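Chains B and S supply the protein sequences, listed in that same order.
The first sequence begins at 223 in my numbering and counts up by one.
The second sequence begins at 54 in my numbering and counts up by one.
Mixed in with the good hints, there may be bad ones.
Once the Cα atoms are required to be at most 30 Å apart in a straight line, the calculated DSBU-like pairs of lysine-lysine come out as [stated by the list, open to error]:
id, chain 1, residue 1, chain 2, residue 2
1, B, K270, S, K69
2, B, K239, B, K288
3, B, K288, S, K275
4, S, K256, S, K107
5, B, K235, B, K288
6, B, K230, B, K270
7, S, K107, S, K69
8, S, K275, B, K235
9, S, K256, S, K275
10, B, K270, B, K235
11, B, K270, B, K239
12, S, K275, B, K239
What follows is a list of derived Cβ distance ranges for each label pair [said to hold, decoys possible]:
id, chain 1, residue 1, chain 2, residue 2, range
13, B, A271, S, P234, 42 to 48 Å
14, S, T320, B, Q282, 41 to 47 Å
15, S, K275, B, K288, 21 to 27 Å
16, S, S75, B, Q282, 46 to 52 Å
Hints listed in this document are in silico derivations from the structure and should not be mistaken for laboratory results.
A quick note: this is a predicted structure, and the numbers were derived from the prediction, not measured.
For glycine and all other residues, C-beta sits at the position ideal for the given N, C-alpha and C.
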Amino acid sequence: MIGYILTKQEQRKIQGKEFAPFERFNCVQDINDVWFNFVTEQQIPLVKASQYAWVLDLPQGEYVPKPTPNPFL
Amino acid sequence: MILASHGIIGSSIGQKPIVSDSDAQAFIDRVYTAGGTLSTIEADAVNDLVIDMKADGIWTKMKAIYPMVGASSAACAQNLKSSSFTGTFNGGVTYSSLGVTGNGTSGYMDTQLIPDNELTLNDTHLCAYIRDNSQGNFYDLGTNDNATTFRPLFKFNVRTNSNNWESLQYSFDSSQILNTPNTDSRGFYLASRISSTSFKNYKNNSLVGTRTNANNQSRISKWSVNLMASNNNGTTGEFSPRQYAYFSIGDGLTDTEASNYYTAVQTFNTTLNREV
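When you get a sec, could you build the whole thing from the sequences and use the hints?
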């Protein structure tokens, strides 16, 4: 899955921030602890119209998730 | 004619629909105030759903209902039952007339509903209507905290990689987990606990699993319920990629109520041409 790659500073700027009514960014770390942001096709115009349009200019890369944690540990 | 019998009193294309039930109308009003819209078919389907649930005595057992209509975050975030627990979507989520779809990596909705504050121990349910067939180690909805040894879990995944519907209310003690074999994630799912010793899984119109071991937890999670993921002690994870056409959270339902609830929700989704 392809996502936008963020630095720690960029992640801090947008994590939990509202880019449209009822919609917030939620960045996640990949298997190497690199921050990724995902925006669906439907959300792109909303992000473009927001103060966070710059996130669409960030480099993109392949997201490899961390192994699923055992919820019972 | 369903609409006639339920007294639809008027609606028109492009304008806010007007329906007969005051609670359904209040929901429609909230959608429009939030900036969303509904088709007349969606509004009428919501109206019929509320009327059916009231007739069956189910309405009062609901704390939050997310009918996932309107094809927008503004509409899908609204709680049909009341103006409380309006959701917030986070990460990658897609909205359509078929419901909402997570991206499996970051997308979810926070309901703001904290079970320990809003629900009664040994009298709870979780419900989801799922439109696609997939397996994985993620959660369809839920929450847990890590405060006690066996953690007050309140969540489910209808098809794990082990082809089980893993249902938890409220402990991960092996005597408490309700694992029901399931090889197709599509359908109406209701996990209901009506007493310390009665915890049941219903899929569509069938009872598919029962636990009678006494609940060994003294409370429910203190973290809010997330949809399309799990709120794990304040950190959301285990994101689902599934498509959802309905969710609810509330009091426990009996066998009869579960059957009536299935019929009402199935009729609702059939009206919207998104039944499975």
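Tested hints:
1. For the hint pairing B/K270 with S/K69, the CA-to-CA distance comes to about 28 Å; that is within 30 Å, so the pair holds.
2. The straight-line distance between the Cα atoms of B/K239 and B/K288 is roughly 24 Å, inside the 30 Å bound, and the hint therefore holds.
3. Taking the CA atoms of B/K288 and S/K275, the gap is near 26 Å; set against the 30 Å cutoff, the hint holds.
4. Distance restraint check for S/K256 and S/K107: the Cα-Cα separation of roughly 22 Å lies within the 30 Å cut-off, and the hinted pair is therefore satisfied.
5. A distance of roughly 23 Å separates the Cα atoms of B/K235 and B/K288; the hinted pair therefore holds under the 30 Å criterion.
6. Restraint check: the Cα-Cα separation between B/K230 and B/K270 comes to about 21 Å, which is no more than 30 Å; the hinted pair holds.
7. The hinted pair formed by S/K107 and S/K69 meets the criterion: a straight-line CA distance of about 23 Å does not exceed 30 Å.
8. Proposed proximity of S/K275 and B/K235 is supported: the alpha carbons are some 28 Å apart, at most 30 Å.
9. At roughly 27 Å between alpha-carbon atoms, S/K256 and S/K275 fall within 30 Å of each other, so this suggested pair holds.
10. With a CA separation close to 16 Å, the supplied pair B/K270 and B/K235 stays within the 30 Å bound.
11. Only pairs whose Cα atoms come within 30 Å are accepted, and B/K270 paired with B/K239 is accepted, the gap being roughly 14 Å.
12. As the CA atoms of S/K275 and B/K239 are separated by approximately 24 Å, the hinted pair is consistent with the 30 Å bound.
13. The beta-carbon spacing between B/A271 and S/P234, approximately 47 Å, falls within the hinted interval of 42 to 48 Å.
14. A beta carbon spacing of about 44 Å between S/T320 and B/Q282 agrees with the range 41 to 47 Å that was offered as a hint.
15. Taken as a hint, the range 21 to 27 Å holds for the pair S/K275 and B/K288, whose Cβ atoms sit roughly 26 Å apart.
16. The hint said 46 to 52 Å for the Cβ distance between S/S75 and B/Q282, and at roughly 49 Å that hint holds.
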